[in-house]
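Chains A and B, in that order, are what the protein sequence lines are.
First residue of the first sequence? That's 469 in my numbering, and the numbers climb one at a time after it.
First residue of the second sequence? That's 44 in my numbering, and the numbers climb one at a time after it.
Hints are computed from structural coordinates only; laboratory data are not their basis.
No residue lacks a Cβ here, since even glycine has one placed at the ideal position from N, Cα and C.
Take the hints with a grain of salt, since some may be wrong.
Said to hold, decoys possible - With a straight-line cut-off of 30 Å between C-alpha atoms, the simulated DSS-like cross-links for lysine-lysine are: (1) A:684 to A:649; (2) A:561 to A:472; (3) B:283 to A:572; (4) A:472 to A:544; (5) A:472 to B:170; (6) A:544 to B:283; (7) B:170 to A:526; (8) A:543 to B:283.
What the hints assert, rightly or not - Interface residues of chain A toward chain B, partial, derived using beta-carbon atoms under 7 Å: (9) 519; (10) 523; (11) 542; (12) 547; (13) 553; (14) 566; (15) 570; (16) 682.
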Amino acid sequence: MSVKVEDLTKVYGQQHAVDNISFEVQSGQILGFLGPNGAGKSTTMKMITCFIPPTRGKIEVCGLDVSAEPMAVRKKIGYLPEHNPLYLDMYVKEYLHFVAGLHKLSNKNKIIADKIEMVGLSLEQNKKIGNLSKGYRQRVGLAQALIHDPDVLILDEPTSGLDPNQLVEIRNLIKTVGQEKTVILSTHIMQEVQAMCDRVIIINQGQLVADDPIEKLSARIAGESIITVGFQKEVPIKALEQLPGVQKVEPLAQAKYHIFAKSKVDVREDLFKLAVKNQWVILELMKDTLSVEDVFHKLTQKISSHD
Amino acid sequence: MISLFFKEINSFFSSVIGYVVMGVFLLAIGLLMWVFPDFSIINYKYATLDQLFDVAPMVFLFLIPAITMRSIAEERNQGTIEFLETKPLTDLQIVLAKFFASWVLVGITLIPTLIFYYSVYQLGLPKGNLDSGAIAGSYLGLFMLGGIFAAIGVFASSLTNNQIVAFLLAALLAFIFYWGFDFISRMPVFIGWIDDIVQMLGIEYHYQQISRGVIDSRNMIYFFSVMAAFIGAAQLSLEKRGW
Numbered sequence: 469m470s471v472k473v474e475d476l477t478k479v480y481g482q483q484h485a486v487d488n489i490s491f492e493v494q495s496g497q498i499l500g501f502l503g504p505n506g507a508g509k510s511t512t513m514k515m516i517t518c519f520i521p522p523t524r525g526k527i528e529v530c531g532l533d534v535s536a537e538p539m540a541v542r543k544k545i546g547y548l549p550e551h552n553p554l555y556l557d558m559y560v561k562e563y564l565h566f567v568a569g570l571h572k573l574s575n576k577n578k579i580i581a582d583k584i585e586m587v588g589l590s591l592e593q594n595k596k597i598g599n600l601s602k603g604y605r606q607r608v609g610l611a612q613a614l615i616h617d618p619d620v621l622i623l624d625e626p627t628s629g630l631d632p633n634q635l636v637e638i639r640n641l642i643k644t645v646g647q648e649k650t651v652i653l654s655t656h657i658m659q660e661v662q663a664m665c666d667r668v669i670i671i672n673q674g675q676l677v678a679d680d681p682i683e684k685l686s687a688r689i690a691g692e693s694i695i696t697v698g699f700q701k702e703v704p705i706k707a708l709e710q711l712p713g714v715q716k717v718e719p720l721a722q723a724k725y726h727i728f729a730k731s732k733v734d735v736r737e738d739l740f741k742l743a744v745k746n747q748w749v750i751l752e753l754m755k756d757t758l759s760v761e762d763v764f765h766k767l768t769q770k771i772s773s774h775d
Numbered sequence: 044m045i046s047l048f049f050k051e052i053n054s055f056f057s058s059v060i061g062y063v064v065m066g067v068f069l070l071a072i073g074l075l076m077w078v079f080p081d082f083s084i085i086n087y088k089y090a091t092l093d094q095l096f097d098v099a100p101m102v103f104l105f106l107i108p109a110i111t112m113r114s115i116a117e118e119r120n121q122g123t124i125e126f127l128e129t130k131p132l133t134d135l136q137i138v139l140a141k142f143f144a145s146w147v148l149v150g151i152t153l154i155p156t157l158i159f160y161y162s163v164y165q166l167g168l169p170k171g172n173l174d175s176g177a178i179a180g181s182y183l184g185l186f187m188l189g190g191i192f193a194a195i196g197v198f199a200s201s202l203t204n205n206q207i208v209a210f211l212l213a214a215l216l217a218f219i220f221y222w223g224f225d226f227i228s229r230m231p232v233f234i235g236w237i238d239d240i241v242q243m244l245g246i247e248y249h250y251q252q253i254s255r256g257v258i259d260s261r262n263m264i265y266f267f268s269v270m271a272a273f274i275g276a277a278q279l280s281l282e283k284r285g286w
C-alpha cells in the first residue's frame, strides 16, 4: 500500500474543505484526482505532503504515518505544488544542486545530469529559471520532485498552462515515471485523466463522489446513448430491454424510462415500432449522448443539489 | 539545513542586496567616523573607536531589517515556502538557516571596519595607544547585537508575506529592544522601584557592559536567550503556516 488515506477531514472555520475522504493507491498506479476548482484536491495533496495538518483522519505513505513521522514521509515523496513555486533568480543547475543538498544526496552531479536529461532540459540547463518559459519551468519543477527517486510522486495540476506540444511531452514523461512509482496527480481536465491515469477519484466540495478504474469511467464516457422515453401508461420493462442494442432500462418517473444503449445503435426506430405494435402511446422521446463533461458534470452536480 | 544556509548566503551575493547593505554600512560609518566634523575621530582627538560602536547600532537598526525582511516573507509571497516545508527540513531548521545566514552577513559586514582599528592604531600617540581589550569586547557586543537584530528580523519576516511590513516591524522591535527598555526604565513610575530590571531587559545595558572589555557570562546569556526567544517565536509562527 503506497498511499493510504482514511477518513481525512480538513475544516477551515465553518467550511469543510475536505470531508471524510478515504482511498488507497498501490505502487505502479497513476491516480487522477479530478474535481472542479475549490473541490479540495490541493488541500488533500497538501495534507499528504505534510504541508498542512489534517483536522481528522489518518494518512499513511509507504506504511509511515504522516503525523508521526513527517520527516521520513517527506523523504519518500516528490511533490510539485500547484503553480510550481521556484526561486526565479537561481540557475537551473544551481537550483537542482540546492534541492539535492536538501535531500542530502551524494553523487549530485550525476543525479542532476540524469534528471535534466530525463525531463528534457538539456538545452536550457545553464539558464536562469526566471528566463525559462512556463513549460520549461514545469520541467524544472518535475526534475526537482524526481531528484531523490521518491516512491510517491504528488503532482498538483502538472499540466496547467502548457501548450499542446508541451502537454503531450509532460504527459508521456509522467506516464513513464508512473510505471514504477505511485503517482497522484490532480487536474480539472477530464481528457487528461483519460490520457494518463489508471484510476480516477472525483471529488467535489470536499467529498468523494467517484472512485473508478479508468476503463469504467471511459465506458461511461465513450458515449453511451441515453434515451428518455415517456408513455401514456406504464409498460413492461422487460419488453424494452429486449430491443436490440439496449443495455439497461431504468424507470425514471411514472411511465417514464431511461434506456441505456450502445452509442452506435439508435434504438428509437425499434422503440417506435414496438410501441406501435403494442399500441403504447409515446408522449416524449429524447436522445442524449453522455460526453466526458457530462459525466463530470453529473457527478459533481449531484452533491451541490443536495445542499 | 546546510544547503539552505549556503543558498541564503549565495542569494545575498548573487543579488545586489548583500553588496548594497555592506556598501551602505561602510559608507555611513566611514563618513561619520572620518568626515563629518561633529563625530569624526580627527576632531575628537582621542584614539578610540567609540564613534564606531555608538553609531553602528543605529545603522544596524535599519540595515539588519533590510537583510532579513525577505528571508521568510518572500518565501511566503512566492509560494516557495510550500516547497521548503515539504522537503525533509524541520521548521526550526528553516528558521535557523535563515537566521545564521543573516547573522553571518552581519559579521562579514563588520570585517572591513577592522581597517578603522588599524588606522586609529597607527594614528595614536604614541603609536598603538588604544584600548584593544575594550575594542575586542565592543566588537563582540556589536556582533551579538547584530545577532539579536537578525533574530528579530527573521521573526518579523515570518509573520507576514509583505517585505515592507516585515522591515518596519523588525525596525520597531529592534528599536524597542535596543533603546526602548532604557527609555521606559527612566519613566517616573519605575524609578526607585524596578527601573534597573527594566533597563536590564534592553540590549543597550548589556552592550555597554561588554564594550568595557569585560565579557560577563550574564551578558552573553542575555544575548543568546533573546536570540533563542525570537527564533522560537519565528518557528511557532512558521508552524501555523499563516492559515
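These are the hints, each one checked on the structure:
For the hint linking residue 684 of chain A to residue 649 of chain A, the alpha-carbon distance of about 23 Å falls within 30 Å, and the restraint holds. The suggested pairing of residue 561 of chain A with residue 472 of chain A is violated, with an alpha-carbon distance near 34 Å, which exceeds 30 Å. Distance hint between residue 283 of chain B and residue 572 of chain A is fulfilled; the C-alpha atoms sit about 26 Å from each other, no more than 30 Å. At roughly 14 Å between alpha-carbon atoms, residue 472 of chain A and residue 544 of chain A fall within 30 Å of each other, so this suggested pair holds.
Distance hint between residue 472 of chain A and residue 170 of chain B is unfulfilled; the C-alpha atoms sit about 76 Å from each other, more than 30 Å. A hinted pair counts as satisfied when its Cα atoms are at most 30 Å apart, and residue 544 of chain A with residue 283 of chain B qualifies at roughly 24 Å. Our distance criterion of 30 Å between C-alpha atoms is broken by residue 170 of chain B and residue 526 of chain A, whose separation comes to about 73 Å. A hinted pair counts as satisfied when its Cα atoms are at most 30 Å apart, and residue 543 of chain A with residue 283 of chain B qualifies at roughly 22 Å.
Interface hint at residue 519 of chain A: satisfied, since its Cβ lies 5 Å from the closest Cβ of chain B, which is below the 7 Å cut-off. Annotation: residue 523 of chain A was flagged as interfacial toward chain B, and the flag is violated, the nearest CB pair being 11 Å apart, outside 7 Å. A cut of 7 Å between beta carbons decides the hint on residue 542 of chain A: the least distance to chain B is about 4 Å, and the hint holds. With a least beta-carbon distance of about 5 Å to chain B, the hint placing residue 547 of chain A at the interface is held under the 7 Å criterion.
Because the smallest distance between the Cβ of residue 553 of chain A and any Cβ of chain B comes to about 4 Å, under 7 Å, the interface hint for this residue holds. With 7 Å as the threshold, the beta carbon of residue 566 of chain A comes within range of chain B, its nearest partner Cβ sitting at about 5 Å, so the hint holds. Evaluation of the residue 570 of chain A hint against chain B yields a held restraint, the C-beta minimum of about 5 Å falling below 7 Å. Given hint, residue 682 of chain A at the interface with chain B, is violated; its Cβ is 28 Å from that chain's nearest Cβ, farther than 7 Å.
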